[in-house]
Structures are given as structure tokens and as C-alpha cells.
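Just so you know, the protein sequences line up as chains A and B, in that order. The first sequence begins at 1 in the working numbering and counts up one residue at a time. The second sequence begins at 1001 in the working numbering and counts up one residue at a time.
Any given hint might turn out to be false.
Heads up, simulated DSS-like pairs for lysine-lysine below, C-alpha to C-alpha not over 25 Å straight-line [claimed, not checked]:
hint, chain 1, residue 1, chain 2, residue 2
1, B, Lys1436, B, Lys1346
2, B, Lys1299, A, Lys217
3, B, Lys1436, B, Lys1389
4, A, Lys88, A, Lys109
5, A, Lys88, A, Lys69
6, A, Lys217, B, Lys1389
Please keep in mind that the hints were generated in silico from the structure rather than gathered at the bench.
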Amino acid sequence: MALFKSVVSRITKGLARTRESFVGSLRSMLSGRTLDEQLIGEIESRLIQADVGVQTTRRLIDSLRADYKAGRATSGEDALAHLKREIKALWPESDRRIHFAPPRADGSKATTVILVAGVNGSGKTTSVAKIAKALRDDGKTVLLAACDTFRAGAVRQLEIWSDRLGVEVIKGQQGGDPAAVAFDACEAAKARGVDVLLIDTAGRLHTQDPLMRQLTKIRSVTAKRIEGAPHEVLLVLDATTGQNALRQAAHFTEAIGVTGLFLSKLDGTAKGGAVIAIREQTDIPVKFIGVGETPDDVEPFEPEAYVDALFAE
Amino acid sequence: MFERLSEGFSDALRKISGRGTITEANVREALEEVRTALLEADVNLEIVNTFCEEVVADALGAKVTKSLKPGQEFIGVVQNRLIELMSPGGPEGAAPAGVLRISPGPTVVMMCGLQGSGKTTTCGKLAGYLKKQGRTVMLVAADLQRPAAVDQLRTVAEQVEAEMSGGAAVSFYSEPERVAEYGQAVGAAVEVCVNAVKQARAQNIDTVILDTAGRLHINDELMGELQRVNSSLQPHQIYLVVDAMVGQDAVASARAFHDRLNVDGVILTKFDSDTRGGAALTVRKVTGAPIKFIGVGEKLDALEEFHAERIASRILGMGDVVSLVEKAQEEVSEEEAERLQEKMAKGELTMEDFLKQLRTIRKMGPMKQLLGLLPGVGQALKDVAIDDKQLDRVEGIINSMTPTERCDVSLMSNSRRRRIAHGAGVDPMEVGKLVKQFDAVSRMTQQMAGLGAMGKVQAMRKLQAMGGDGAGMTGWKGKGSTSQASSKSRYKKRKRR
Ligand SMILES: Nc1nc2c(ncn2[C@@H]2O[C@H](COP(=O)(O)OP(=O)(O)OP(=O)(O)O)[C@@H](O)[C@H]2O)c(=O)[nH]1
Ligand SMILES: Nc1nc2c(ncn2[C@@H]2O[C@H](COP(=O)(O)OP(=O)(O)O)[C@@H](O)[C@H]2O)c(=O)[nH]1
Ligand SMILES: [Mg+2]
Ligand SMILES: [Mg+2]
């Protein structure tokens, strides 16, 4: 994936500090064990404790048990391979890429708009900084839009990132209309011919109808100003979130048509397993994972590594 | 609130009730459903397992097995266990509410928690809460990491000072020159806190609240920083701020914070979401510390005291009548309620009253959420989409009527109907239907005083249908399985943003 070349190479070089804590060479709880009901029970508990949810866990365990009963899975390694297959099938490679705007008919490059949303404190602003840096490192020109005009210090927070990263930011009045900021940002993006416009929005609960409508409005403003926009709508989901994540995914999708998840805070001990249930129920793929607080701490989502991490000891 | 799984939960209970007696076998069966309900509410797996064992023991106790209504008894057992876990010793045994006050001051309160859990916002809410009690507060910016964290707290402090009632002053302390990029100012927070408390003492400030940076419980360096603040200042209260939407990991993080800091209380934020809130149970059990407050919104007055009974119902997905009643009480004065009651009973309700009531109800939140607060109703509503827009149209129509028309709908002539329709941007037919249905409803409301909750809901249904095309129940469209979650949402009146 061209976009995250830098990130990917950093990972393959094994440099990423975070990799150790998340997907590193940690031993799997499954390695060297015989598969039996006892181990299946442990796997089940592990999935529940990873926030995969009761329903999805049952489904995964039923299919594993079927393989076990049929003699197709006899060891911990087999079980791991089975789960990897199941979970990988949910996320085909093509789904995990960023959708960029296709070049215009005359061959000139078009602006890609990425809208970033999520509940309060999930990591939106930091994730915007991370994506901005990865794109910038990839040689793309980036513009940020500070559409969180509500929370104290939010504009300043994004401004600081823009300074540190050397990318520009369009902002409005504190307390002003975020859709107006989105409008200005689209105009600026077109005028400057930037490759990607990244829109940071205020955190909001999916249950707050007026605020969700405001988000819909931001979306339609971009759609009117830039063809095909938003090309990507990322929902930032905190990996520590439990089953409420499914509600979030459903409601944000209804309001703004989420195209991908950014699973943040995977550098902790939470596994964000709700994304599996989300994929099953609402079809939204995970595109990126956040593994720390600096703009470097982002990785593309890799289903197999993710499953490894679920069972790491 | 009534999700598929808590439906299963009700099924199991129905089974018990049907049999009339409780045996170990059917308790275990019902318990499986309890287990699922708790897991779906994000209670930690280990805690769920212990909990269920305890419930079996209780349920097989003499009281339940001999009960005439074993299903109800069983749910009672479950609920009591939950409440007991969340507030051991009951209301009497509960830790004193509010924030401890040390004399001579300053009382030092330290906030801690994971990134984005709501610490800074909660600092502001607590400051407002204390200000109301006449306690002077100093907010200290000890988050030197997150970009603009200092600015955020400064703004919050200014807002509390300007917007919240109470005479006491709220001040702000920061050392912005110490702010640094991630990982580069670790430890500096300790000095900032020490300096702040020194200044607070000199200024005779009652309470100092330290807003620390969010951190992962596995980050040794940063957790060490908190421990150093703790050992240098010995804060009188350490509050762990936890996002109520948190899942299974609540155990790991709460345990780590508690092990290092011995927290005195927990504050659960974002309870205004539709989370079932199992974290309340987890965190309480792991830390043994009382849940001091819950955060129910982004605004600075959105802080409430914790009530174990309500959260227990919520965790089990059983609705929250108390909240509904409270909401209603917030919106309607007692005299007003009495006046309306009288009018209703006499069948003298006018369009004007109706409009007022409609507005009042709608101020409390979206219709579906309100109805979802009633036990049993959430389940009935699960596949039903309630369209608040239809109520907008009803409001529009009544708004276009003259005061005289509102008081006496029998005045309604064709030309009036056309004028009103024009004003409201609807078809004249709709006006006619509304008037007709209003007649029906006002007759019905006459009987409402004597109805139980379900009857009232039916009445509300009819009211809802008034916004439709007149064909009765069309306000209630079946909507497949992706029903909008009805939820208890304590909408505080908030400014538009
Ligand atoms: N450990 C860790 N922390 C993160 C990650 N992403 C964000 N954070 C932290 O989480 C906190 C909240 O992040 P923000 O980016 O401000 O979140 P937000 O969604 O923009 O928050 P609001 O705008 O207030 O709703 C900050 O302290 C971030 O540093 C991550 O991947 N790992
Ligand atoms: N809806 C809601 N949002 C909250 C609540 N408490 C905090 N927030 C929001 O959560 C986000 C993170 O809060 P903040 O105080 O900055 O968290 P911190 O990183 O722990 O200091 C902000 O957008 C807050 O407005 C709450 O109780 N309800
Ligand atoms: Mg933000
Ligand atoms: Mg903060």
C-alpha cells in the first residue's frame, strides 16, 4: 500500500517499539497445546475478554468446535490458523486501502477528502495528525480542517499538530458553524490544489441527534464543493470501547456513511475486538490502527497480526 | 435498551415464572441469560462468573423457591446483588457523597485515568459543583503532554468562573513553559503540582484539583510520574476517571491505577450515551472505591451523583422509570401539572394546552428514547421507528392557528383550514385530520389519569399517530432489525453547537 510505505517499512524493519507490545513476537497462549474442550473454553474466554461480544464469539467458537469435532483441528496452532482464516476472510485486502479521488478527465489530480468522526475522546484529532504525517511522508500535499469548533482548546490542539508537521490548517471561530469551516476548507483545498483534505470534527455521542445531523451537514457541504467527496469517512473507535462500539458504528454509518474504522489506542491492553462484530454486522472494514500518541504511531490494519495479538500472552 | 439478548433474558425469566418453582436446573438456565445480559453490558467476564455463582446460591435460598412469583423474585435477587456490588452496605453503608473537605485546606484532589476518558472536562464539572457549595477552587494544568491541554483547562476554568452559579472563585494555575512533546516532559508535572499547592495554600484556596495527563496503565514511566505526585503531595482524594462505554479492559486499567495510587473514588463519564454501563460494576469491584459521580454530558453542569439502583436496571436492560419521572419533573411545575390534570379530567383540554404539552414532552428528548425508559416498553418498541418529524408537522399546524382557534377547534371552517395549512406548509386535509384526532385524543386523555404506564403509552401512540396521514398507527413504521436503540439519555438542555 503506497500510502503507508514509510510506516510499513518501519514495521518490517522491526523498529516499531509499539509492535512489541501489540503484535510483536510474543508467545501465543495457543502454541504447543493440544486442542480440547478445555482449550476451546479458554479461547472463548479470550475472545469475550477482547470485547468480541457474545454473539460473534459464539459463532467463531461454533465453527472452531465443528473443525475440532471433525478432526480437522487438533492443536492450538490449528485453532489459531482456523481463526485467522475466519477473521481474514472478513477483511479482504482491497477493503483496507484508502480510497483516493480518481484523477480528473483531463488528467489533472483531484482533491481527496477524508472526513474523520467519532465519539468524545476516541482519538480523532491525534489520528488526523497521524494520517496527515503518513500522507506528507508519502509526498502528498495535505490540508487540515479544524471543524471542532466546540470543545475547549480543540482548534489549538490541531494547530499545534499542523505546526509540528508543517501542514496547513483551515480554522474558524470557536463556537462557530463547523459546516462553514468545512466549506472554507474545501474552497481552500481546491484553490491550492492539495492532494488530501483531512477534516477533524468534534467528538459527539451517536445518540445525540442534532449533533449527528450537524455531521451529516458537514458531509454534504464537502459533497457539494468537491466531486465525489468525502472519498473516505473514517470512524475513530477507541480500542477500549466495549459493546457500545456496535451502536457507534451503526449510528455514524447512518449519519455519514462510514467507509472505514481507525482503531485507536491499541498500544494499551485492550484489543478492540468489537471491530469483528462490527464487520459482521455493518460491513465496515478496519483501515488503520493507532498504537501511541505521536504522529508516527499508526499502522495499517493486518488481520493476521491482529489475531496473533488477540492470543498473545 | 432492550436488545436481543436482554430479550432472551426475559424469556428465561418467563420460563421460571411459568413453572412456578425454582430448581437448580432452571435457575442455571435463567442464569445463562443473566450472564449474557451482563456480558453484553460490558461487565468483565471474571466478575460475571463470580456474580453468577453468588446468584445461584441466593436464588436457591428458601425465599425464592417458595415464592409465588419466582420469576420476579429471581430478578429481584439479581438486581439486589448488582446493587450490593455497586454500593456495598446500601445507602446507609455508602461513603459520604460529595468531595471530602480537609481543614485547614487546601483539600487536594487528583484526577487520573486513560487518554480521552474525560478528566479535563470532569475537573471543570467538579469545580462548578464545589463553587456552588461556596468552596474556592484552583484548577491545575498538570497535563504537559497533550497538545493544547493547558489551553483547554484554562478555557474550562474561565467557563466555570463565568457560567456556573455560586459565589466562590475558581482560579487556574499553569506553567506553560514546561509543556513539551510526548515523552519529553515526564516528571515535570510533579513540580507543577507542588508549586500549585504551595500557591493555593498562600492564597487560602479551599480545594485544588490536579488535571493530569491521560496515560496508559502499562506505561511505567508515566504511571511512576503519578506515583511521585502522590508521594510528594499526598492528595486527599484521588479520583479515577473512566469512560462508561469501556469494555472488558476496564479490569486491567482500573486495577493498575488502583494498585499504584489506591484511588478513593471513581467517576464514570459519558453516561449520557446508550451504554449499558457494566463498567460501573467492574470498576467498583476491582477498586473497591465508591463511584462518586457520573458525567452525563459535555457541558459543565452535566455531573450527577451515582445511584446504584438505576444503573443496575440499566445494566440489566430494564428501563429507568426514575429518570423519566425526574425528567418530567424538571420540565413541568407541580401547579402546571395539577392544572392540566384538572382540565383533562373535565375534557376541557384545548389545542393550546396540547401544544404546550407536546413541547414539554419533546424538550425531554426524542420520543422513542422517552418511551424506552418505561420498563417493558423498550422491548415493545424495538422494531419500531418513531418519526419525530411528524410531531414537527403537528407543531407547525397548531402554530399556524389563531389563539381563538386553538381554544375551540369547532370553529374550524374550510377557509380557516386552508389558511392554516398554507401557513404550516401542509395539505388542508392534514389540518382536518389533526382536528378530528385531537377530539378523539382529548376524550381519551380524560381517562388517562386512571391509566397505568401501558395505558399511557397507548395514549401516546394515538398522540403520535396524529402526525401521520390519519390512518391510525402510521406514525409507527416497522423498521426491520436495525432499530434505533432506545436509551436512557439524560439530555440536559444544551446550547446548540
Ligand atoms: N495511547 C494512545 N493514546 C492515544 C491514541 N490516539 C489518541 N490518543 C490519546 O487520546 C487522547 C484523546 O485524543 P484526541 O485525539 O484529542 O481525541 P479526540 O477524539 O479528538 O477527542 P475530542 O475531540 O475531545 O472528542 C489524547 O490524550 C491522545 O494523545 C493511541 O493510539 N494510543
Ligand atoms: N458526552 C459526554 N462527553 C464527555 C463527558 N465527559 C467528557 N466528555 C468529552 O470527552 C472528550 C474528552 O474529554 P477530556 O476531558 O478532554 O478528556 P481527558 O483527555 O481525559 O482530559 C471531550 O470531547 C469532552 O467534551 C461526558 O460525561 N459526556
Ligand atoms: Mg479532537
Ligand atoms: Mg485532559
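### Task
Mind listing which of the numbered hints don't hold for this structure, in increasing order?
Those not satisfied come down to hint 4.
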